[in-house]
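K.L.:
Which chain is which? The protein sequence lines are A and B, in order.
Basically this note's numbering = 1-based index in the first sequence + 2.
Basically this note's numbering = 1-based index in the second sequence + 12.
No lab work stands behind these hints: they were computed from the structure.
One thing to keep in mind: the hints can contain errors.
[Stated by the list, open to error] Here are some, though not all, of the chain B residues that point toward chain A, as calculated from beta-carbon distances under 10 Å: (1) K13; (2) V16; (3) Q18; (4) G54; (5) V56; (6) M60; (7) L103; (8) G109; (9) L110; (10) F112.
Note that beta-carbon positions come from the ideal geometry of N, C-alpha and C, so glycine has one too.
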Amino acid sequence: DGGITQSPKYLFRKEGQNVTLSCEQNLNHDAMYWYRQDPGQGLRLIYYSQIVNDFQKGDIAEGYSVSREKKESFPLTVTSAQKNPTAFYLCASSTWTGGVKGTEAFFGQGTRLTVV
Amino acid sequence: KNEVEQSPQNLTAQEGEFITINCSYSVGISALHWLQQHPGGGIVSLFMLSSGKKKHGRLIATINIQEKHSSLHITASHPRDSAVYICAVPLGGGADGLTFGKGTHLIIQP
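Same shape as in the complex, but just chain B:
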């Protein structure tokens, strides 16, 4: 089954800084998900990507299928970006569903 590693676990930055969060996985996949979890617990899907790069506002996600690695970037970070960012990939091993990284706890200070 697939395993997911995220780094860093915790990240504190100043407003305006460029943020990078990394995700590596062990088994080839059809698509990778980046998710955002706010303190209340609810999760929002940010991106699903299977190749190349996607951009939504100040968020950019890239994936390198050969290297089994993805990055999530935030440009011009803002305190409202403070959240937990989670990478997820298909479980594999014949089971449906996703397996998740432990998340990156991001705090953007004003």
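Just chain A, with the same shape it has in the complex:
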């Protein structure tokens, strides 16, 4: 079955450590996204990538880094520069059509990161 796989589901890290969240999709989608969710707030865009080897900052990119070496994979690294890293992180993908028309979005199950 096609879908998006995020791992791990729960992750604990000590303050000051970098941590990388995995996101893999087998939907052959061009576009992939990382969102962050905090209690009482809507999901916010961290980074997105519309094509391999290219990515763009979203609204809250500070303290995060990404790579897109393969179409299927879009890992997110939460660096020690991120001041409040504890959050729920969601990966999504879609068939990008250049914004001409809406495309259905598919979401992973999320990773809950807790930094202690």
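Starting from the known structure of chain A, fit chain B onto it as the hints suggest.
P.N.:
Relative to the frame of chain A, chain B by itself:
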């Protein structure tokens, strides 16, 4: 950039009741998404619509492009419908991706 407002924030109803959740956005869009998030956190796409109405089982989504407003209805609600329902629209402003409402936390009591 687009902004999304959802109402109500919280909704508790009895099993069998007809449920309506509303979503308004600020900038014209190509399509609007309704999503469902269960307690584990994973999100499922319920609908993507750009005009009119769509129906899937007991769920109905409508959109009025001119008024920048959409509604999600649940008929004959059931406790398994308890979840957070989220409306999302394209970010706009030249960026790809979606902007999301804060969600409506729905609880259906037996």
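K.L.:
Hints broken by the structure, by number, lowest first?
P.N.:
Hint check: nothing fails, all pass.
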